[in-house]
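A.B. asks: Chain by chain, the residues run as shown.
Number of protein chains: 2
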Amino acid sequence: MQEKFIVLAHGAGGKENESLIKEIFGNVKLNKVEGGIGLDAFDDGALIPAKTNIVTSIDSYTVDPIFFPGGNIGKLAATGSINDVAVMGADPIAALDGIVVEEGFPISDLKKIVSSMINVFEQENVALIGGDLKVMPKGKLDKIIISTTVIGMIPQGKIYLDSMVKPGDRILVSGTVGDHGAVITALQMGIETEIGNLVSDCQPVTPIMRLIRKFNDVHAAKDPTRGGLAMALNEFAAKSGVTIEVDEEYIPMKEEVSALSEMLGIDPLSLACEGRVVLAVGSEIADDVLKILRKNGYDNASIIGEARDNKDWNGLVLLKTRAGGMRILEKPTGELTPRIC
Amino acid sequence: MQEKFIVLAHGAGGKENESLIKEIFGNVKLNKVEGGIGLDAFDDGALIPAKTNIVTSIDSYTVDPIFFPGGNIGKLAATGSINDVAVMGADPIAALDGIVVEEGFPISDLKKIVSSMINVFEQENVALIGGDLKVMPKGKLDKIIISTTVIGMIPQGKIYLDSMVKPGDRILVSGTVGDHGAVITALQMGIETEIGNLVSDCQPVTPIMRLIRKFNDVHAAKDPTRGGLAMALNEFAAKSGVTIEVDEEYIPMKEEVSALSEMLGIDPLSLACEGRVVLAVGSEIADDVLKILRKNGYDNASIIGEARDNKDWNGLVLLKTRAGGMRILEKPTGELTPRIC
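From first to last, the protein sequence lines stand for chains U and L. Mind the numbering: the first sequence is residues 1 to 341 in my numbering, read in order. Mind the numbering: the second sequence is residues 1 to 341 in my numbering, read in order.
Honestly, the hints are just simulated from the structure, not real lab data. Among the hints, erroneous ones may be present.
For chains that are exact copies, the list does not tell them apart, and a pair is met inside one copy or across any two.
[As the list claims (entries may be wrong)] Below, a list of computed lysine-lysine pairs in the BS3-like style, where the Cα atoms sit at most 25 angstroms apart:
(1) Lys239 - Lys32
(2) Lys166 - Lys15
(3) Lys320 - Lys15
(4) Lys239 - Lys22
(5) Lys22 - Lys51
(6) Lys140 - Lys4
(7) Lys51 - Lys32
(8) Lys239 - Lys320
(9) Lys111 - Lys140
(10) Lys112 - Lys291
(11) Lys311 - Lys15
(12) Lys239 - Lys15
(13) Lys112 - Lys15
(14) Lys140 - Lys158
(15) Lys15 - Lys158
The whole structure should be built from the sequences, with the hints applied where relevant.
C.D. replies: Written out as structure tokens, the structure is:
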């Protein structure tokens with residue numbers, strides 16, 4: 001007899017655990033990295049043959065609501081960790097997932113979530129090589145948390161670090177900012193009717209990074225998730241010891257995101273993106289990078305500012321406002337939106 | 001002003017998140033794998049220089065209670081994932097952690113937990129190269145969940161898989177079974193007064209594996225966690241297509257574990273261990289393996305049975321009971337103990 005809801009036994013490591021995993025991961029190929037060992041062996045660990053540098057990242061996803069316009073927690077968990085590895089300059093090749101789910105959770109929803117996660121991995125040619133599934137008693141966890149680790153390979157020494165922004169670099173963003181954050185915040189505030197056609201920008205940035213990596217003079221790349229563009233730019237400025245000046249007018253933003261931000265009284269530049277990249281590139285290639293991004297469907301890609309060496313402001317981000325003034329764009333503080341990703 | 005309890009802002013990816021991480025991870029060296037990039041860069045991902053095969057594993061730890069005799073969820077999260085990689089035959093070299101914590105959680109407890117986790121990593125010379133910290137609103141998560149990924153290197157082709165047990169192999173266990181499971185179950189049942197001096201066996205199995213790897217004829221190794229010895233032996237039997245026969249009399253077990261199991265009406269062979277290894281080794285080296293384990297402080301290491309090719313029973317585990325009978329030792333079913341690890 002098949003259960004329709006998660007029971008504690010599904011997480012106990014015995015028979016029921018095995019059969020649930022077969023049921024929800026049933027449609028995944030017995031994934032492994034070529035020449036390695038993966039889910040096909042269902043052993044304690046997985047093996048990846050490596051000859052080059054490895055890049056890796058972990059994130060625990062707690063987004064609420066777990067289904068949202070443009071995605072769900074499974075798609076987000078796959079995408080988010082792929083993006084963290086991709087913006088370092090690596091090709092994501094393998095992933096592991098740790099799912100913790102609440103007793104009583106509908107198995108049909110779990111299947112949808114896992115299948116969204118697997119779809120992203122498959123489209124990105126990332127082998128899901130290992131995982132874990134635990135169950136918490138009812139009331140001890142709100143629905144589900146997914147942790148993912150993604151592993152990528154970097155062919156040679158080319159790596160993009162937040163600390164490598166140079167004075168003179170142009171700052172680009174690959175698309176509109178704050179879409180994901182605006183959608184989730186609106187849903188949490190119960191004003192979903194105001195969302196309109198806005199959807200989360202949740203998507204892998206690997207196609208962007210593949211375009212970018214053809215250029216020699218790209219210095220830093222970052223996906224502006226929690227804390228949004230404001231946090232990403234502050235990381236660049238602080239770690240690279242440069243002043244970053246951006247022009248509000250050039251920051252691409254959807255009407256709906258501006259409107260929702262105003263309604264909720266929040267700074268849209270602090271709203272999370274889940275499918276954008278902020279780049280610092282040499283000034284001589286900035287226009288070419290912009291051109292290639294736009295040519296490949298990233299219509300809202302923009303040069304939004306530049307990095308300078310200004311000893312009074314190094315480590316900080318300056319925002320030229322639409323009104324014509326200049327203000328420090330600070331690191332976001334406060335709780336912003338809990339469970340945004 | 002320092003907060004004493006976790007607030008939502010601690011998980012929001014802004015300033016408070018940064019300062020909490022500095023506070024609780026403050027005593028960790030800016031860890032990286034030699035020649036790589038790690039927490040020192042605090043970037044999106046970490047870099048590991050690799051020249052050999054990589055072994056990796058993820059687990060999400062939900063143990064309840066989070067502090068228990070012999071350890072806590074932090075020690076367990078570090079140990080458990082190190083062990084999964086070690087029993088594959090790898091040297092663990094790097095780790096990543098994803099912490100999800102409930103709003104209102106005492107920061108002093110979080111520090112204790114993180115410091116236990118870091119201690120294990122440091123003792124094991126495992127670089128903690130990346131991590132994530134999220135906060136769930138009060139009531140949405142019972143205290144804390146920690147997910148860890150550990151990455152290990154395997155020098156040459158030597159890897160231990162559950163599927164490599166051969167007929168004739170002797171089955172060994174490195175110490176008493178069920179200690180961790182018995183402690184946690186008793187605490188959950190509210191009979192802590194019955195635990196006596198029993199503590200969880202939570203500890204890295206890397207010293208055991210270093211001893212074992214000197215032998216050429218070791219075929220399989222496994223840490224019997226969820227589902228205990230019963231599950232581990234069933235995995236060996238099923239994946240290797242052999243019959244495994246073990247003798248109850250030779251299975252090392254503490255008095256307290258037998259007594260607690262009887263009191264609770266559970267099978268001690270299904271109780272989790274968190275610091276033991278089950279091995280399948282060629283018969284000609286079994287005594288030497290036993291000798292070296294005992295000589296190195298594993299006083300309760302025992303040869304508990306052997307693998308056979310018996311077409312009637314291949315894939316199954318047979319247990320010779322103390323009473324002299326023979327029964328099939330099945331994969332554990334049912335919920336056993338929720339949140340055992």
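A.B. asks: Now tell me if each hint is right for this structure.
C.D. replies: Going down the list of hints, with the structure as the test:
For the homomeric pair Lys239 and Lys32, the shortest alpha-carbon distance between copies (17 angstroms) is at most 25 angstroms, but the shortest distance inside one copy (36 angstroms) is not. For the identical chains of this complex, Lys166 and Lys15 are inter-copy neighbours only, at 24 angstroms across copies versus 56 angstroms inside a copy, given an alpha-carbon limit of 25 angstroms. In this assembly of identical chains, the alpha carbons of Lys320 and Lys15 lie at most 25 angstroms apart only when taken from different copies (22 angstroms versus 61 angstroms within one copy). Taking the shortest alpha-carbon separations for Lys239 and Lys22, only the inter-copy value of 16 angstroms comes in at or below 25 angstroms, while the best intra-copy value is 45 angstroms.
In the homo-oligomer, the alpha carbons of Lys22 and Lys51 never lie at most 25 angstroms apart, since the shortest distance is 32 angstroms inside one protomer and 34 angstroms across protomers. In this homomeric assembly, Lys140 and Lys4 come within 25 angstroms of each other (Cα to Cα) both inside a single copy, at 20 angstroms, and across copies, at 23 angstroms. In the homo-oligomer, the alpha carbons of Lys51 and Lys32 lie at most 25 angstroms apart both inside one protomer (16 angstroms) and across protomers (19 angstroms), since each shortest distance falls under that limit. In the homo-oligomer, the alpha carbons of Lys239 and Lys320 lie at most 25 angstroms apart inside one protomer (22 angstroms), although the nearest pairing across protomers, at 64 angstroms, exceeds that limit.
Taking identical chains as interchangeable, the C-alpha atoms of Lys111 and Lys140 lie at most 25 angstroms apart whether they share a chain (21 angstroms) or sit on different chains (22 angstroms). When the C-alpha separation of Lys112 and Lys291 is checked against a cutoff of 25 angstroms, the pair qualifies neither within a copy, at 37 angstroms, nor between copies, at 52 angstroms. Taking the shortest alpha-carbon separations for Lys311 and Lys15, only the inter-copy value of 23 angstroms comes in at or below 25 angstroms, while the best intra-copy value is 64 angstroms. Taking the closest pair of Cα atoms, Lys239 and Lys15 come within 25 angstroms of each other only across two copies (15 angstroms); inside a single copy the shortest separation is 50 angstroms, beyond that limit.
Taking the closest pair of Cα atoms, Lys112 and Lys15 come within 25 angstroms of each other only inside a single copy of the chain (22 angstroms); across copies the shortest separation is 35 angstroms, beyond that limit. Taking the shortest Cα distances, Lys140 and Lys158 never come within 25 angstroms of each other, neither inside one copy (44 angstroms) nor across copies (42 angstroms). Taking CA atoms no more than 25 angstroms apart as the test, Lys15 paired with Lys158 passes in neither setting, with 46 angstroms inside one copy and 30 angstroms between copies.
Consistency note: the structure conflicts with the earlier hints numbered 5, 10, 14, 15.
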